[in-house]
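One-letter residues, chain by chain:
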Amino acid sequence: MRYLPLTPTDRSEMLATIGADTVDDLFRDVPEGVLNAEIAGLPAHASEMAVERHMKKLAAKNLSAADAPFFLGAGAYRHHVPASVDHLIQRGEFLTAYTPYQPEIAQGTLQVLFEFQTQVARLFGTDIANASMYDGSTACWEAIAMAARITRRDGVVIGPIHPHYLSTAKTMAKFTKDEIRELSPALIADAGDDAMIDMIDDKTSCVVVQYPDILGRIPDLAKIADAAHGKGALLVAVVTEPVALGLLESPGSLGADIVVGEGQSLGVGLNFGGPYLGLFGAREKYTRQMPGRLCGETVDADGKRGFVLTLSTREQHIRREKATSNICTNSGLCALAFSIHMTLLGGEGLDKLSRINHARAVKAAGKLAAIDGVELVNEGGFFNEFTLRLVGHDAREVALRMAKRGILSGVALSRLYPDSLDLSEGLVVCVTETCSDEDVDALVAALAEELA
Amino acid sequence: MNAPNKSGWKPEMGEAGAGPVARTASGDAGLALEEALIFELGGTGKCGVDFDEEPGDVSPALAKFARKAPVDLPALTEPEAVRHYTRLSRQNYAIDLGPFPLGSCTMKHNPRLNEAMARLPGFADIHPLQPMDTVQGAYEVIEQLADWLCKLTGMEAVAMSPKAGAHGELCGILAIRAALEARGDAREVILVPESAHGTNPATAAFAGYRVENIPATKDGRVDLQALKDRLGPDVAGVMITNPNTCGLFERDMKAISDAVHAVGGLVYCDGANFNAIVGKVRPGDLGVDAMHINLHKTFSTPHGGGGPGSGPVVLSELLAPFAPIPFVRRDEKGRLRMVEERGAKDHLPQTFGRMTAFHGQMGMFTRALTYMLSHGVDGLRQVAEDAVLNANYVLRSLEGDLDAPFGEAGPCMHEALFSDENLPEGFSTLDIAKGLIDEGFHPMTVYFPLVVHGAMLVEPTETESKAGLDRFIASMKSLTARAKAEDESLKSAPHYAPRRRLDETRAARKPVLTYKGEGVPPGTPSLSEIGGS
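Read top to bottom, the protein sequences are chains A and B.
Here the first sequence stands for residues 311 to 762, where the numbers follow the working numbering.
Here the second sequence stands for residues 13 to 545, where the numbers follow the working numbering.
Since the hints were made in silico from the structure, they are not lab data.
All of these numbers come straight from a predicted model, not from anything done at the bench.
Hints are not guaranteed to be accurate.
[Said to hold, decoys possible] List time: in silico BS3-like cross-link candidates among lysine-lysine, alpha-carbon distance up to 25 angstroms:
1. LYS522/B with LYS673/A
2. LYS528/B with LYS595/A
3. LYS632/A with LYS522/B
4. LYS367/A with LYS76/B
5. LYS484/A with LYS357/B
6. LYS503/B with LYS489/B
7. LYS513/A with LYS533/A
8. LYS533/A with LYS528/B
9. LYS80/B with LYS528/B
10. LYS371/A with LYS522/B
Given these sequences and hints, build the entire structure.
See below:
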C-alpha cells in the first residue's frame, strides 16, 4: 500500500523485538468477538488512478460556479483568489504542521497568526483579534457567550442576521438558558435599527447586528451601539462579507464591542460551505474573556523577537471545565489563506476590490429592477448584495427554473426561512468582481423571460 | 543532526544569552533565514493584485456609511509575498520534514491525492445554497462518507456537520442531553476520567453539566468499581476516550457501557484515538452511544498548523433521532436532499437543532473519502495494525532507558507513554522534548495525560518507516543518556532551532497581540539585518 512504509520483513523483525508472535497479540485487551469483527459492504484498497476516477465522476455531477453565471452569496461569497495563495498554503511546512505548541519550530505559523490577528483587528476596527474560529456562525455564538460572561446578563437581541447563524445561536441558547429575542427581516428598505433599539432593556447582554444584513441592507451601527451602551449592553457586529469593509466604516470604529465574521471571502473559496474561518475581534479590555487561541509577541533566550500561543489559562487544555470555550483545533490554514490574500491586496487593493464589487452590483441591480414584476428592496443602499422582490412568485421556484437554464441566480429567502410566507418572494443576489457583464445580461434576460 | 550523539555532547555555539550566532550583516545564516513582519516590509504604494477595471464611485445611498480612508494594511507584490511566506514556512517543522510523534494527535502523512481531489472545481467551486439538483455529486460524497463511518464504527447514524473534534463532542453531548430531556429526565452530571482531554470537561460544562472525575486504576484504565459506585439517577452519562490517553485499550468498555445504560445514562466515546482500532474494532460493539471522529487524525486530512479539522459524530439508534440538522437523505425518487430547517419537522422532528452554518467541512469530506477509498477496508485495518506495531516497537525499544509506567501491564495501542521517573533531579520532560528539536524531530506530547508525572506520549503513526523509528529511538536514547550524565546543555535546548526557548511569561504578562509599530525588542537584529526589502 502506497501510504504504508513497513515491509513484511520489518513487521516480523519488529514483532520479534517486541516479543509478540502476531500483531493481534498487541490487541489482546480487546474482547474476543469484538476484535476483527467482519465489516461488510465496504470496498478494498484501490490505486490512485481508480480513486481519482471515482471522485471525478462525483465532481462532474455538480454544476460548478465557473460553468454558470453565478450570483449566490448569503454567507458564502465567490471572489477571485490569486493563484499564489493556494500555492503557498500547500507548502508542506504550513499544510502538514500541527497547532504551534512547540514555538521554537513553529515560528512560521505563529508569525502568520500574529500578522493575521493584526490584519483582522485593523479591518474590524477592534483593538485585538484571535487566531480564528471554525466559521462565522460559531464565532457569532461564541461572541454571544462572551458578552454574557462580561455583562453577567442573559438577554440577547438578534437583528436580521444570517438564519443559519440565528439557528446556531438558538441551539446553543437552549442549553445555556440565554433568552434570545429576534427581529425577523421583512422585504422593506428599513434595516430595523429602531426596532432593534426598542428591544434592548436592562437585561440585555448584547445586541447582535449583521453588517450588511442578510438582505444586504446596511444598519446604522453607531446609533445601535449608543442605544446598547446606554442600557449597559454590548454591541456584537457580524460581518459575513469582509470585502464590504473595504468600503464601509469598520464596526469597531462605530462602537461595536465585539466584531465577528466569516473570513471565507478572502483566500478560501466556496468549498460547498466549509472549511471556512471565523474572524473574532474585540476591545482590549475583554482580552481575557476571548475564546480561542491568541498569538502574542515575546522574545527567546537570546533576546530575539518570537511569537507564542499565549493566555492559554483561558483555554480548555489548562482550564478544563472552567474554560472560556471548548474550542481546540480552529481554522489555521484558512487563516493563512485569508492573510496571504489580504497581504496581496493591502488596504488600497481591498479598497479597489470593494469599489469594483459595489459598482458592478449597483449596475446589475438597476438592470434587474427594471424588469416588470421585480422590485429592489434595498433602497437605503447596499454593498455587493441586494434583495429582489419577485412580485407574485415563490423565489425558490424561480431559482430552480433559472438553474435549469444554467444560471445560478441567487439565494431564495424561502430556502433560508421556510416558515415565512412574507419572505417567499425574496431573492438575494450577490454580484462580485467575478460576475462579467455577459453574466449579468444573461441573468437579466432569463429572469425577464421567467417572470413574463 | 539525526546521527546518534554520545553523552557529553556540547552545542557548538555561544553560551545561552550571548546573542545570535550568525555574525552576518543580514542576520541570516546560510539557509537559516530570518523574516520581518509584513508591516515592516515597506508595503505602501503597491499591490499584489491587478484589476481589469477602475474602481467605481460609492453610490449616494451608501455615502454616509463609507469609510474615510482605506484600511491601514500593507501590501506586497506577488514576488515579495511568495518570498515572505516561503521564508516563514521554513521556520516550521512539519510531517513532510520528519516524524511528528505528538500523542493523541495522529500526525500521519497527508496524501496529496486528497488535496488534488478536494480542489476539483466540482467540489471546490460550488456554493452551499445552490439548488439541490445542481450539487447531487457533493451530497453523494457526504452520503458515501457517512456510510463508511457508520460501517467502520458499527453505528446507526452520523452527524456530519461538526467542524472539529471539540465541536463533535459538543454535538454528542447535546444529543445525549436532548434524548434525556425528551424522556423528561435531564440529569446533572457527566463523569469524565482523570486522564481525559481538556475538551471533554469543557464541553460537558458548556452543555450545562456538572463534571465529576472518575479515578484510574494503577494500570492506567478507568476504575470500573469506582465508576459503578458513583453511577446513579443524576448521571447523564460518561465521556470516555478509548483507546485512552495512556495509550491503552479500555478492556472493560463493554462493562462500563452496560453499567451506565443500566442506570439510564448514555456513553460518549472520544474518538481522537480511533486510528488504533480502525478496521479492527467497531465502537458500536462496545455499547457506545456517540463518538466523534477526527477526520484530521484518523482519515489523514491535514492539520494545517491548527485546523481546519472535521468532527463527524456517529450515533446509536437511541440517539439518532436527536441528531443535528442539516443532513442528507434520499427522497422517494432517489434524489439526494439536504434536510435543513425546511423538512426537519417531517424527517427529524426531535433534532436538537443546528450547530453551524451550511453542512460541515466539505473540503475535509472529499479528502477523507479519497483516503478511505485508497486504503479500502483492508488497508484501514493494516493502518491500525501498523500504528499499534510502531508504538509498541518504540515502547519496547525505550523502556530500558525511560520509565514506562504501564509497560509491564502489557502492550500499548497506538501510542507509547513514558514518565520522567528515570531522569535525574533537575532534568525534566521538557528538556527531553526540547532536545528532540535539536535532533531534528518534533517532540512528543508532553505533560499529558496528567495522571502520569512528566508524561511523554509518543504516537508514531503507521506512516513512519522502521528506519525512521530507529533514528528516533537512537535520538531518544542519546537524550536520555545526556540527561543521566547531567549534561547541562540539555537544559537550554534547543540550540539549533530558528528560536531558543521563548519567554511565555513575558507574552502573557503584558500581551502584545497585534503589531503596533513600536519597534522590535532589544537583541533582535534591526530591520535591514532581518533581510526585509
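Going through the hints against the structure:
1. LYS522/B with LYS673/A: Violated, because 50 angstroms separates the two Cα atoms, which is more than 25 angstroms.
2. LYS528/B with LYS595/A: 17 angstroms, holds
3. LYS632/A with LYS522/B: 22 angstroms, holds
4. LYS367/A with LYS76/B: Answer violated: LYS367/A to LYS76/B is near 50 angstroms, above 25 angstroms.
5. LYS484/A with LYS357/B: Roughly 18 angstroms between the alpha carbons, so the hint for LYS484/A and LYS357/B holds.
6. LYS503/B with LYS489/B: 16 angstroms, holds
7. LYS513/A with LYS533/A: 19 angstroms, holds
8. LYS533/A with LYS528/B: 29 angstroms, violated
9. LYS80/B with LYS528/B: 21 angstroms, holds
10. LYS371/A with LYS522/B: Violated, at about 54 angstroms.
Going down the numbered hints, you'll see the structure goes against 1, 4, 8, 10, while the others check out.
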